[in-house]
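Go ahead and model the full structure; you've got the sequences and the hints to work with.
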Amino acid sequence: MRNRPGRAIFVVLILALVLAWLILDQTDASNPIRNAVSYVISPVQFALERLVRPVRQALGGVSEWFSLRTDNEALREENLSLRNQIVLLEEARLENETLRQQLDFKSAVPSYTLLPAEVIGRDPSNLLQYLIIDRGSDDGIALAMPVLTAEALVGRISEVSAHSAKVMLISDPSSSVSCLIQRTRATGVVQGYPDNELVMLYIPQGDTVAPGDMVLTSGLGGNFPKRLVVGQVESVTSSDVDMFQEAKVEPAVSLADLEMVMVLLDFGAEEQVDEP
Amino acid sequence: MSLYTVVPLFVLVSLIQSTVTSSVHILGASPDLVLMMAVACVLQWGVRESLIAVLVGGLTIDALSGAPFGCATLSIAIVSVLAGIAESNVPRSVKTLPYAAVAVATIVYQLIWMLLLQIWGRTVLWVPMFVRGTLPSVFVNTLAMPLMCLLVRALDRRVPDEPTV
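Chains A and B, in that order, give the protein sequences. The first sequence runs 1 to 276 under my numbering. The second sequence runs 1 to 165 under my numbering.
Treat the hints with care, as some may be off.
Residues of chain A clear of chain B, computed beta-carbon distances all greater than 12 angstroms [said to hold, decoys possible]:
hint: 1; residue: Leu75
hint: 2; residue: Leu88
hint: 3; residue: Thr98
hint: 4; residue: Gly206
hint: 5; residue: Lys226
hint: 6; residue: Glu250
Partial list, computed: chain B residues near chain A (C-beta under 7 angstroms) [as the list claims (entries may be wrong)]:
hint: 7; residue: Thr5
hint: 8; residue: Leu64
hint: 9; residue: Ala67
hint: 10; residue: Thr73
hint: 11; residue: Thr123
hint: 12; residue: Pro128
No lab work stands behind these hints, which were simulated from the structure alone. For each residue, glycine too, the CB sits at the ideal point set by N, CA and C.
In structure tokens form, the structure reads like this:
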């Protein structure tokens, strides 16, 4: 092994730079460098993801094969029940629309501009839950924009470069979303938990929460639009000595397997109307 | 060992970790390829020879991660130095060294990472993250370590040494 003093100096220099960068990262000073790195890396990630996706899908298909029959039967039953619900909901929507027009209310469900994006990478650590998508500031993406799928809320934009962006998933421990229980309107905060799980905290003791209840965004705080599906209550933990109840929430969408998402481009807190 | 080979390899492995293996979950964890490769390289070539390549791997992980920039690089540098201490004190004939080293390295790496996240104001759920993130990672990384050692040994045999200037 050759001993090189130059190499040691280089290593110390890199570590010093990284330390400085770690501190600079709290400001926006490191953004141009991050952007440059993303500019180089994101096309390679995109190509790799494209290359691997068919293999992953094929492997997923094999594992799903065994449960196809039971899944099919369950889905048929659910389909029938949902069809009936659609008819009833359509009636309710029309009635709601008419009443809102009569009262001159702003629509509670504003139409948003959604930008589809492809997932090209995930956080390489096992401790954080982030996605990397193939759209960036050049496509109109900005910090804190909500990210969804057709089924549910997924997260929010946490970092943007010209051609890619990072999405902090709602399952990341640093993520918290103001939510409510659809059935009882009980409010709380959904926080991320390791292993792509969610926990709803700060539900007042007096409020009723039960397994199966749907959890929606409440819009409080103005970070997310109202009434986006977050998940379904799986179990509730409450104790007489605690001020609040806790509920384990199953995400409405499998956050570990996302391939496509949509970024809500024109959401603003001012669009929040009426109470939940 | 030639840096011109190992540095691009670390970058490629980082990209594979972010794009390919991050969606492979065993007990809720996916393999930390860069960490495993760093430990394997340090055990093969020593910390002085490997540290630059390891740092490049850490920097690439930082670029791909949502954590504050530098978390991965600092953690992996500390872990590599620790692996280097093990490499210089434990005889190579001890066959379990790579597995023990990667298991300890995973724990230290993730604890440092969590500490840095906490310092930088992120929410860290220490016990759940350790039990459901770190422990499965220890299992997965130890399980996959033989493959990484094979890869690094194959590199050692096939890649020529850096040309002397």
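How the hints compare with the structure:
No beta-carbon of chain B comes within 12 angstroms of the beta-carbon of Leu75 (chain A); the shortest separation is about 25 angstroms. The Cβ of Leu88 (chain A) sits about 39 angstroms from the closest Cβ of chain B, beyond the 12 angstroms cut-off, so the non-interface label holds. With a least beta-carbon separation of about 45 angstroms from chain B, Thr98 (chain A) lies farther than 12 angstroms from that chain, consistent with its non-interface assignment. At the 12 angstroms boundary, the C-beta of Gly206 (chain A) stays outside the reach of chain B, the nearest C-beta of that chain being 27 angstroms off.
Every Cβ of chain B is farther than 12 angstroms from the Cβ of Lys226 (chain A); the closest lies at roughly 24 angstroms, confirming the non-interface assignment. With a closest Cβ-Cβ approach of about 15 angstroms to chain B, Glu250 (chain A) is found to remain outside the 12 angstroms limit, as its non-interface label requires. Residue-level restraint check for Thr5 (chain B) is violated (minimum Cβ-Cβ distance to chain A is 16 angstroms; threshold 7 angstroms). Given hint, Leu64 (chain B) at the interface with chain A, holds; its Cβ is 5 angstroms from that chain's nearest Cβ, closer than 7 angstroms.
A distance limit of 7 angstroms between C-beta atoms decides the matter here; for Ala67 (chain B) the minimum to chain A is near 6 angstroms, and the interface restraint holds. For Thr73 (chain B), the suggested interface contact is upheld, since its CB lies about 5 angstroms from the closest CB of chain A, less than 7 angstroms. Evaluation of the Thr123 (chain B) hint against chain A yields a held restraint, the C-beta minimum of about 4 angstroms falling below 7 angstroms. Against a cut-off of 7 angstroms between C-beta atoms, the interface hint on Pro128 (chain B) holds, since the closest Cβ of chain A lies about 5 angstroms away.
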